[in-house]
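Participant: Listed in order, the protein sequences are those of chains V, L and R. Following the numbering used here, the numbering of the first sequence begins with 1235 at its first residue and continues without gaps. Following the numbering used here, the numbering of the second sequence begins with 3 at its first residue and continues without gaps. Following the numbering used here, the numbering of the third sequence begins with 24 at its first residue and continues without gaps.
Derived from the structure by calculation, the hints contain no laboratory data. Since the structure is predicted, the reported quantities are computational estimates derived from the model, not experimental observations.
Chain L residues, not near chain R, derived (Cβ > 10 Å throughout):
(1) Ile-10
(2) Tyr-90
(3) Ser-112
Estimated spans, in silico, between C-beta atoms of each pair:
(4) L:Ser-98 <-> V:Thr-1575: 44 to 54 Å
(5) V:Gly-1292 <-> L:Met-3: 47 to 57 Å
(6) V:Lys-1266 <-> L:Glu-145: 30 to 40 Å
(7) L:Tyr-128 <-> V:Ile-1280: 44 to 54 Å
(8) L:Tyr-128 <-> V:Glu-1297: 22 to 32 Å
(9) V:Glu-1694 <-> L:Leu-107: 45 to 55 Å
(10) V:Leu-1452 <-> L:Val-101: 12 to 22 Å
(11) V:Asp-1657 <-> L:Leu-104: 50 to 60 Å
(12) V:Asn-1629 <-> L:Ser-4: 51 to 61 Å
Where is the CB? At the ideal position from N, CA and C, for every residue including glycine.
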Amino acid sequence: MNEILILMKSEWVLLLIIIIFLFIKVGSTEWKNENLLYLANILLLINFILGFVLNTDGIIFDEMFKTNSLICLEKNILNLGTLLISLQSYHWLKNHKHVAEFYMLLLSTLLGMFFMISSNNLLMFYLGLELSTIPLAALANFDLHKRQSSEAAFKLIISSALSSGLLLFGISLLYGTSGTLNLSEISQHLNGSNLQLFAFILLLAGFAFKISAVPFHLWTADVYEGSPVAVTSYLSVISKGAVLFVFVSVLYTVFKSLGIAWQNMLILLSVLTMIIGNLFAIRQNNIKRLLAYSSIAQVGFILAGISGCSQLGTTSVIYFILIYVFSNLGAFGVVSIISSTTGKETISDYKGLYKSNPFLSWTITIALFSLAGIPPTAGFFGKFFLIMSAAQNGNYLFISIAALNMVISLYYYLILVKAIFMDKNEQAIEKIHVPILPKIAMLICTAGIIIVGLYGEIYEYIFKLSFGY
Amino acid sequence: MSQTIFYILASLSIISALFVVFSKIPIYSVLWLIVCFFTIAGHYVMLNAQFMAIVHIIVYAGAIMVLFLFTVMLLNLNKESEPHKRTYLKFAAILSAGVLFLTLLAAFKSTNLTPYQLPEVNEVGYIQNVGIKLFTDYLLPFEISSILFLSAMIGAVVLAKKEK
Amino acid sequence: MENTLQSVPQNWYLLLSSFLFCIGVMGVLFRRNAIIILMCVELMLNSVNLLLVSYSSYAGNNDGQVFVFFIMVVAAAEVAVGLALLVSIFRNIASTDIDVLSKLKW
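Isolated chain V, as found in the complex (with noise of 0.2 Å):
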């Protein structure tokens, strides 16, 4: 019983506070949002410090669920996540009637991915993911009165339930040919049978429509457009990590015997992905769009550093994850905050806004920078993480085709930084007054982007507690 306790206790925290708010929502005393909205980062504040007290490893439940040191700090880096996205939603979320309830969605889809990457079982696998989808589509619908948001949602619903219908059919492929829905098991179980390779390929598509990599990325766009800027956010930095986290466990433990297999698969994913996202992003308009295919292209990389098929492929991801949650929130922060107070978000809106608003165009320039990967920033080290990784299967085609695509993207970022600096603008936007919680959170990203690239014990503890191929 006292296993359960410890072992769960990431899970037992964030159903605390789900149960915490359900009550807060039917009780009978109207809380005002501004409580209610320091109360709730006051709780994730709490269960982010949490995380770090208590690490031990084992399996419960009949091999149903595990932990591990590695586990548990990716939990930890999701948790970082939320709590920056909670607190950078504080100004959107100041006006809005569903507080309680955006929370409680919230943290049940956080939830979901808790269990989905602590399970050891196809089963727990699949129920993780849906936890961590289904709310989620309610919660892109967050504007309620905007009917692009409502398209939004039933354009992710649609797609995640065609994906998982997909995902559904390799596992039962891989159910009936290994006998056995233990992850674990099934991977003494694997032959290479052709009916198990395309169980892997469908389980793989996917994969590849939850972390939308290219053929499998046409909802991205729409989705991200539509839906609230927090929700925006939390769909590309959280739970596109999370699904990131599952994969390469799964692909490095489960699939390793299939490994020449899907190597190549993952080189052409990877590859087409870098391409098209790159290539599309050009010619966005809309700042939340060029975000959502730049996000697309970051996926292309850390494919590529997952194709190096080693403890560095694992650790490059994960250390890439870290750095892409205070990049990506940096960036979505300001973009946050500019948008819910004066509802702009194309790329010329954002002309001058040196002139005016001197703080939040540093802090998006330096998100920018470390997005694009120029080198003091943490993202630099990240991508050279990954493409090292990459690098290790010697070809050098593919490889060279990364850095180009560097170069590609370096180039829509810096137009976005020279309209922000240099161009001149009649209707720029005015002075905002930014909340003392969204600057709090702007702070810690600029801070996270620049420590941890230039302190390398972080990297090497992350090397430490990876598994490798």
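Chain V is fixed; fit chains L and R onto it per the hints.
Facilitator: Positioned in the frame of chain V, the structure of chains L and R alone reads:
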């Protein structure tokens, strides 16, 4: 005997599934889907999974399809007009589904499925056995599904409630 | 009907369920009406259920049937949220014209 039943049920489910896809009027699609679900329940009975068959009828035909019917009626969706998809897109849809099926077929053909040792009395589908499995080995997923329902309920209420 | 498992080979169930799955996929790609797309997804999930039940009956272990139970749970939750979203869309566009859903370009 059971081969004949299998053929009848299988052809019924395929025909009704095709009608679901090709019916012009949404309400016909809903009704055909219910027919399809009943045939699948028949397959479950054939496979000696009686509990699954009953739950399938209750959940799918009893709850989910009623929800669909309500939405079609409430939103007055029952019109024949549907935005036309271009013909080549329809062609591509049929083609890609066909290619998917052929690939599956080829994968089945080239894989030797190990013949199972069939027990004399197959009891895996009995309510008792499924229940024991559900509440011992699969206790944690069972609890998680309650959280899933809670959050789906909250989401649905927030979305569908009329604002004051 | 104890003899079904003996007289019907398992491959037939494999073929049937993969055929149903392909019909479902085709429906998702083929139709534009949102509600029918949701129904086609249900069809896909059902073919998966049939496959899982047949595997579990033939192999004599009931993990597959428990899995089917959970797929039903998830499908119910998914449909509840999906249909609530449809209601919300129709409230926002304040019309019952189905053509408006064509904005959902794929």
